[in-house]
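If you read the protein sequences in the order shown, they are chains A and B.
Quick note on this note's numbering: the first sequence kicks off at 1 and runs consecutively.
Quick note on this note's numbering: the second sequence kicks off at 1001 and runs consecutively.
If you're looking for bench data, these hints aren't it; they were derived computationally from the structure.
Quick caveat, the model's predicted, so the values are computed rather than measured.
Think of the CB as a built atom: it goes at the ideal place given N, C-alpha and C, for glycine as much as any other residue.
Be careful, since some hints might not be right.
Beyond 10 Å from chain A on every Cβ pair, some chain B residues (computed) [claimed, not checked]: (1) 1024; (2) 1115; (3) 1157; (4) 1159; (5) 1169; (6) 1191.
Dumping the calculated SDA-like pairs for lysine to any residue here, alpha-carbon to alpha-carbon at most 25 Å [claimed, not checked]: (7) A/174 to B/1035; (8) B/1002 to A/78; (9) A/60 to B/1182; (10) A/60 to A/83; (11) B/1004 to A/174; (12) B/1004 to A/42; (13) A/174 to A/163; (14) A/60 to A/75; (15) B/1033 to A/50; (16) A/60 to A/38; (17) B/1004 to B/1130; (18) B/1033 to B/1189; (19) B/1002 to A/89; (20) B/1002 to A/98; (21) A/60 to A/91; (22) B/1004 to B/1193; (23) B/1004 to B/1055; (24) B/1004 to A/88; (25) B/1002 to A/91; (26) B/1002 to B/1021; (27) A/60 to B/1130; (28) B/1033 to A/58; (29) B/1004 to A/110; (30) B/1002 to A/79; (31) B/1002 to B/1203; (32) B/1002 to B/1049; (33) A/174 to B/1130.
For the chain B half of the interface with chain A, some residues (derived, Cβ under 8 Å), not all of them [as the list claims (entries may be wrong)]: (34) 1054; (35) 1082; (36) 1091; (37) 1117; (38) 1154; (39) 1155; (40) 1163.
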Amino acid sequence: METLGIWIAAILTLCIYSFLYRDNPFYRFAEHLLVGMSVGYIIVITIYFGFIPYAWTPIKNAVTDETARLGFLTLIPICMGCLFFARLSSRRAWLIRYPIAILMGISSGIMIPNALQTDIFAQVRGTIDPYSRIGVLSAFEITGAILMVIGVVCTLTYFFFSVEHRGPVNWLSKVGIAFLMIGFGSAFGNTVMGRVALLIQRVDFLINDWIGSIF
Amino acid sequence: MKQKVPLVLCFLFGIVMILTEFSPHAASQATYKEIANWGRVISPFVFVLAVVTLIQTHWNRIQRRTEHWQYSFVVFAGMLAMVAAGVPSGPQHPAFAWLFNNVQVPMDATMFSLLAFFIASAAYRAFRARTFEATLLLVTAVIVMLGNVPVGDLLWPDAASNARQWILDNPNLSARRGIILGVSLGAISQSIRIILGIERSYLGGGD
């Protein structure tokens, strides 16, 4: 089975790389197979890590265990979820608004405190935290801490559209653009390296695992 | 009924989630957990609808014999193979794991590695040091890439990887923090608008 797996993986890898020449039936086959298998994979994961633990198990426990009767409450979101299928009927399609509104309400309600705590407070704390240890920091670290505050303030100024970008605000905004360019350059460099690492891994698989298993 | 009830539901669920988050009382925390679980119960139905739509789309392609309609059978075959291997016995079943490791993972990795070629060709065409900002982007990307590979430290011992780390830890992090703060403030204001019913585009058109 291991050899069969290596052969299938190698053939499909070559099918996808054939796109580098031009679009062709081998690439289209692999592309459609990947779409189908990814959907199948997510179906299985959704059933076992979404539906069973959060919908099926509470109801099953409520039926079998008298102390877990609150599990029947799960029937409410299940009924709400079923309303998504109203989308398939043109006359009843408006019913889909109910589950969407509930999901929007829940996710917005979760978002506000979480964004405050994990993004805003944590990021501000991380930016000003080095100043609480200023006495023990080296000159290099102090420079980094100053640069950090300048970068954050200037980047935020660039995204601050409530005032016209003229005079000092314009200069701060231009410094913000410079920091953003460095950020995008780093992201680009890391993305390229990530993709190249994947390419090396695939070529290594083809040369060592596949061709190596033949000879 | 079609507009007001969803807006009221959105408001109620949003307010309850915010209030229960800030209250340490046991009943409040239990309510928060229960409603968060309701969200986890409802979410898979969105996915079911997406799968139904995908099946409908490919079924229509087959029926109408549109261009490349034969490949829709491949989509169905792939989907059925994974479902048949995984649904009866779970994702730990050897057949499901075999398909995942020998078919899906290699194809996923190859698909993403394919982008290396396109990124390289796009960068060759787009990366011209025409302005100060473009030069900054180009120089940073080159330093980060050189700092990631052994040849960087071979050319400039320790300097390439140290320069890369300094860029990532200082100017890059400060730009990212600025972006995260901006995005978070935007997300919070948008959430408030959704809960208060000011933003209602998610309800779609019509009455």
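We went through each hint and held it up to the structure:
With a least CB separation of 13 Å from chain A, residue 1024 of chain B remains clear of the 10 Å interface cut-off, as annotated. Distance check on residue 1115 of chain B: its Cβ comes as close as 5 Å (rounded) to a Cβ of chain A, failing to clear the 10 Å threshold; non-interface status is violated. The beta carbon of residue 1157 of chain B is kept farther than 10 Å from every beta carbon of chain A, the shortest such distance being approximately 19 Å. With a minimum CB-CB distance of about 15 Å to chain A, residue 1159 of chain B clears the 10 Å threshold, and the non-interface call stands.
Against the 10 Å criterion, residue 1169 of chain B falls within the reach of chain A, whose nearest CB is about 7 Å from its own CB. The Cβ of residue 1191 of chain B sits about 4 Å from the closest Cβ of chain A, inside the 10 Å cut-off, so the non-interface label is violated. For the proposed pair residue 174 of chain A and residue 1035 of chain B, the alpha carbon gap of about 45 Å is over 25 Å, so the pair is violated. Annotation: proposed proximity of residue 1002 of chain B to residue 78 of chain A holds, straight-line Cα distance about 20 Å (limit 25 Å).
Between residue 60 of chain A and residue 1182 of chain B the alpha-carbon distance is near 45 Å, which puts this suggested pair outside the 25 Å criterion. Using a Cα cut-off of 25 Å, the hinted pair residue 60 of chain A and residue 83 of chain A holds, with the two alpha carbons roughly 22 Å apart. For a cut-off of 25 Å, the pair hint linking residue 1004 of chain B to residue 174 of chain A is broken: about 46 Å separates their Cα positions. Taking the CA atoms of residue 1004 of chain B and residue 42 of chain A, the gap is about 34 Å. The hint is violated against a cut of 25 Å.
Pair hint residue 174 of chain A plus residue 163 of chain A holds up; C-alpha atoms about 15 Å apart against a cutoff of 25 Å. Between residue 60 of chain A and residue 75 of chain A the CA atoms are separated by roughly 11 Å; this keeps the pair inside 25 Å, and the hint holds. A distance of roughly 15 Å separates the Cα atoms of residue 1033 of chain B and residue 50 of chain A; the hinted pair therefore holds under the 25 Å criterion. Between residue 60 of chain A and residue 38 of chain A the alpha-carbon distance is near 30 Å, which puts this suggested pair outside the 25 Å criterion.
Using a Cα cut-off of 25 Å, the hinted pair residue 1004 of chain B and residue 1130 of chain B is violated, with the two alpha carbons roughly 54 Å apart. Using a Cα cut-off of 25 Å, the hinted pair residue 1033 of chain B and residue 1189 of chain B holds, with the two alpha carbons roughly 24 Å apart. This hinted pair checks out: residue 1002 of chain B and residue 89 of chain A have alpha carbons roughly 15 Å apart, not beyond 25 Å. Distance hint between residue 1002 of chain B and residue 98 of chain A is fulfilled; the C-alpha atoms sit about 9 Å from each other, no more than 25 Å.
Proposed proximity of residue 60 of chain A and residue 91 of chain A is contradicted: the alpha carbons are some 34 Å apart, above 25 Å. Annotation: proposed proximity of residue 1004 of chain B to residue 1193 of chain B holds, straight-line Cα distance about 15 Å (limit 25 Å). At roughly 33 Å between alpha-carbon atoms, residue 1004 of chain B and residue 1055 of chain B are farther apart than 25 Å, so this suggested pair is violated. For the given pair, residue 1004 of chain B sits about 22 Å from residue 88 of chain A by alpha-carbon distance, which is consistent with the 25 Å threshold.
Distance hint between residue 1002 of chain B and residue 91 of chain A is fulfilled; the C-alpha atoms sit about 12 Å from each other, no more than 25 Å. Pair hint residue 1002 of chain B plus residue 1021 of chain B does not hold up; C-alpha atoms about 30 Å apart against a cutoff of 25 Å. With a C-alpha separation of about 66 Å, the suggested pairing of residue 60 of chain A with residue 1130 of chain B is violated against the 25 Å cut-off. For the suggested pair residue 1033 of chain B and residue 58 of chain A, the alpha carbons sit about 14 Å apart, so the restraint of at most 25 Å is met.
Straight-line distance between C-alpha atoms of residue 1004 of chain B and residue 110 of chain A comes to about 22 Å, which keeps the hinted pair within the 25 Å bound. Taking the CA atoms of residue 1002 of chain B and residue 79 of chain A, the gap is near 17 Å; set against the 25 Å cutoff, the hint holds. Between residue 1002 of chain B and residue 1203 of chain B, the direct Cα distance comes to roughly 9 Å. Compliance with the 25 Å bound is thereby established for this hinted pair. Between the alpha carbons of residue 1002 of chain B and residue 1049 of chain B the distance comes to roughly 21 Å, so the proposed pair stays at or under 25 Å and holds.
For a cut-off of 25 Å, the pair hint linking residue 174 of chain A to residue 1130 of chain B stands: about 17 Å separates their Cα positions. A least Cβ separation of about 6 Å between residue 1054 of chain B and chain A falls short of the 8 Å threshold, and the interface hint therefore holds. This hint holds: residue 1082 of chain B has a C-beta 3 Å from the nearest C-beta of chain A, less than the 8 Å allowed. Restraint check, residue 1091 of chain B versus chain A: the minimum CB separation of about 5 Å is within 8 Å; hint holds.
Using the Cβ-Cβ criterion of 8 Å, the hint placing residue 1117 of chain B at the interface with chain A is satisfied: the shortest such distance is roughly 6 Å. With a cut of 8 Å, the hint placing residue 1154 of chain B at the interface with chain A is violated, because the nearest CB-to-CB distance is about 16 Å. Because the closest C-beta pair between residue 1155 of chain B and chain A is about 16 Å apart, greater than 8 Å, the hint is violated. Because the closest C-beta pair between residue 1163 of chain B and chain A is about 11 Å apart, greater than 8 Å, the hint is violated.
In summary, the numbered hints that this structure violates are 2, 5, 6, 7, 9, 11, 12, 16, 17, 21, 23, 26, 27, 38, 39, 40.
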